[in-house]
Amino acid sequence: MMRYILNIMKTACRQAWNNRKNYIFLSVTIVLTFSIIAFYMTYNDSEIYNTYKYTMKESSKIAFVQYEKNERNKRDLLLAKLDSLEDTHYYLASEVQGITLFDKEDQRVSFKLMAKVVPNHVWAYYWNSGCRAELIDGSKSFDLKNDEIIICESLYRLIKDQRDKNGDLFLNLSHDKKLKVADVCADFDAEHKTVDENGEISYFFYGFVSDSCVTNRETVNDEVVIYSASVAEIEAYAADLGLRFSSHYNEKQDMNREITNLIEIKKVILIALMIILGINMLSSFLNALNERKYEISIRRALGAGKHSIVLQFLTEGLIVIVIDILVSVAVVMMLLSCIKVYHTLVLGEEWIIHITGYSVTIFFLCCTFLALFFSILFSILSTRVEIIQYIKGE
Amino acid sequence: MKPIEINIDKISKSYYGQQVLKDLSVHISNDSYYAVCGKSGAGKSTFMNILGLIEGFDQGEYYFNGENIKNHKDYFKIRRESIGFIYQSYNLIPRMTCRENIQMPLIYANVRIEDIKQDFIRIVDKLQIEPLLDKDSSVLSGGEKQRVAIARALILNPGLIIADEPTGNLDEENKSIVMDILKEEHEKGRAVVVITHDEDVAARAEKKYVLRDGKLL
Chain A
1 MMRYILNIMK TACRQAWNNR KNYIFLSVTI VLTFSIIAFY MTYNDSEIYN
51 TYKYTMKESS KIAFVQYEKN ERNKRDLLLA KLDSLEDTHY YLASEVQGIT
101 LFDKEDQRVS FKLMAKVVPN HVWAYYWNSG CRAELIDGSK SFDLKNDEII
151 ICESLYRLIK DQRDKNGDLF LNLSHDKKLK VADVCADFDA EHKTVDENGE
201 ISYFFYGFVS DSCVTNRETV NDEVVIYSAS VAEIEAYAAD LGLRFSSHYN
251 EKQDMNREIT NLIEIKKVIL IALMIILGIN MLSSFLNALN ERKYEISIRR
301 ALGAGKHSIV LQFLTEGLIV IVIDILVSVA VVMMLLSCIK VYHTLVLGEE
351 WIIHITGYSV TIFFLCCTFL ALFFSILFSI LSTRVEIIQY IKGE
Chain B
1001 MKPIEINIDK ISKSYYGQQV LKDLSVHISN DSYYAVCGKS GAGKSTFMNI
1051 LGLIEGFDQG EYYFNGENIK NHKDYFKIRR ESIGFIYQSY NLIPRMTCRE
1101 NIQMPLIYAN VRIEDIKQDF IRIVDKLQIE PLLDKDSSVL SGGEKQRVAI
1151 ARALILNPGL IIADEPTGNL DEENKSIVMD ILKEEHEKGR AVVVITHDED
1201 VAARAEKKYV LRDGKLL
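Residue numbers (this note's numbering), protein chains in the order written: chain A, 1 to 394; chain B, 1001 to 1217.
What the hints contain is simulated information worked out from the structure, not anything from laboratory work.
The beta-carbon is built from N, C-alpha and C at its ideal position, and this holds for glycine as well.
Careful: at least some of the hints might be erroneous.
[What the hints assert, rightly or not] According to the in silico footprint, chain A covers these stretches of chain B (three or more CB under 8 Å from chain A): (1) 1011-1024; (2) 1048-1059; (3) 1069-1077; (4) 1081-1088.
[Claimed, not checked] The list that follows gives simulated cross-link-like pairs (lysine-lysine, PhoX-like), each with its CA atoms no further than 25 Å apart: (5) B:Lys1077 with A:Lys10; (6) B:Lys1215 with B:Lys1022; (7) B:Lys1077 with A:Lys306; (8) B:Lys1077 with A:Lys293; (9) A:Lys293 with B:Lys1073; (10) A:Lys293 with B:Lys1135; (11) A:Lys306 with B:Lys1070; (12) B:Lys1135 with A:Lys21; (13) B:Lys1135 with A:Lys10; (14) B:Lys1117 with A:Lys10.
Assemble the whole structure, with the sequences as input and the hints as a guide.
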């Protein structure tokens, strides 16, 4: 039985190859069908991603509440509120801004440090809600002593050759403060650059220092860094206290709503596409079958049972469809690459090809459904061929 | 050689109210070599199709080796194992080589070519088609195509050969070759039924029937 089935399938493979010219028109239809479906889904995914890629990176559970030095009582009320909430963590931080590290006056370029003042061993370190700091060895915990600093990778690359005879690396701050580089964190904003009205360029680098390293007078932008599942509640409380609140919670909620709407629209359009393209594919399959009716009637006359014909044409149908699906995937990837090149070279903006697991799953399900449906239909219709109608007799 | 015992008793067949066969009866066995003649439209192809279990009939009885043939069933197995068809238009499958055309019935019978290799070589040698085996069937001449079709009909050693105007498209030389082959096959014990207009071809048969008014006379 296995040998019989294998022989029929080998026949199907040979016949699919022998009849490749007849299958070209069908293949064009199939490639077009699946390319349209795949392109629609992946282009949609990529457009959504490129529209929201920055928002996506932001965490909706991270919030920052800024307060002035004379608003500490309000800060304390906020901290009491945070303590009462479940699944909420926080720490106090501040910034030391714009310390000039060194400059090249002849080139009108200066290099400045933006440092966050943080406690050691907290739950996470965030520069902002989208930028989580991690050491380059993957560690997420900081252990800074007095006069130590953790600097970003791009700054490290600039000064790494300036080690002293003990092999230690120090960062000289322009106000005669010297900090030992304790560790390096990964860049999250590798080239933050500003150009002022006089054309002077400033490059900013990032770092973290411990709160024992700086005085109160040196710090600005005091803030409470919060992680919570109740961001909306904290925002309302901070607003009541008159404190400045920032988070990407609302943006992410808007983004999620919009993506959900787009997914619903996608489903409707996908169903409509499948119906329209399915009708097109049906007529192409019927044409392909018409070309083979003579062959089918000879095979039946010579003793092929209907099951053999079904197996042969089911196999042929599946071979053609699977090959065409692979071709359509290649076509779509090429199209997306062209769009990417267009955005990069012509529009001068980054455009990332992004494909979600949801789209891959839906495309796979569409392919499986259409492949099985049309292959089975093709094979069943092939058995309806009347032998005597197509055999060329007397 | 597979034994053949066919009893057709008062078969009738109509198309759209037009009676084609009426009360047709015939007995065919391994020692039968019949020619069936008749005018165009007499029903010769219909008779051939019913005999070859390709088409059903309206009334009557048909027994093939003791099995009562019913209209609603597809007797592809009997067709495959016991009947070899030879057509006027050869009916080779296009875009397949001659070898693939000849060996096609083996796939459906689940017979390995290795098991019948000697028979295959013998048929190929007798029909002198060895140089044609790997050619596309569509590039052959009429005589070559008919010899390939005969090889396909003989590959499973059927007990009955039904030939529908086997020499209709052939020149005299090839016609003679084909008739000689059919004679030889009959002498080996195969039943042969030839549908033909050609009196020369009919004369080679042992018995000539004329299909008239739906009956074999």
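Check of the stretch 1081-1088 of chain B against chain A for coverage (Cβ-Cβ below 8 Å, three residues minimum) | With 4 residues closer than 8 Å to chain A, the stretch 1081-1088 of chain B meets the three-residue bar; holds.
Lys1135 of chain B paired with Lys10 of chain A [C-alpha distance capped at 25 Å] | holds (19 Å)
When you check the alpha-carbon spacing of Lys1117 of chain B and Lys10 of chain A, does it fall within 25 Å?
-> holds (20 Å)
Measure nothing beyond the straight line between the CA atoms of Lys1215 of chain B and Lys1022 of chain B; if it is 25 Å or shorter, mark the hint as holding.
-> Between Lys1215 of chain B and Lys1022 of chain B the Cα gap is close to 6 Å, so the pair holds against 25 Å.
Agreement of Lys1135 of chain B and Lys21 of chain A with the hint, judged by alpha carbon distance not exceeding 25 Å | Distance of about 19 Å is within 25 Å: holds.
Straight-line alpha-carbon gap Lys293 of chain A to Lys1135 of chain B, limit 25 Å = holds (23 Å)
Decide if the proposed pair is consistent with the structure: Lys1077 of chain B and Lys306 of chain A, CA atoms, cutoff 25 Å inclusive.
-> holds (11 Å)
If you draw a straight line from the CA of Lys1077 of chain B to the CA of Lys10 of chain A, is it 25 Å or shorter?
-> Given that 25 Å is the threshold and the Cα spacing comes to 21 Å, the pair holds.
Per the coverage rule (Cβ-Cβ under 8 Å, at least three residues), is the stretch 1011-1024 of chain B covered by chain A?
-> violated (count 0)
Per the coverage rule (Cβ-Cβ under 8 Å, at least three residues), is the stretch 1069-1077 of chain B covered by chain A?
-> holds (count 3)
For the pair we were handed, Lys1077 of chain B and Lys293 of chain A, check the Cα-Cα distance against 25 Å.
-> Distance of about 21 Å is within 25 Å: holds.
Compare the distance between the alpha carbons of Lys293 of chain A and Lys1073 of chain B with 25 Å, and conclude whether the hinted pair is satisfied.
-> Roughly 21 Å separates the two Cα atoms, so the pair holds.
Going through the hint list in order, the structure does not satisfy hint 1, though it satisfies all others.
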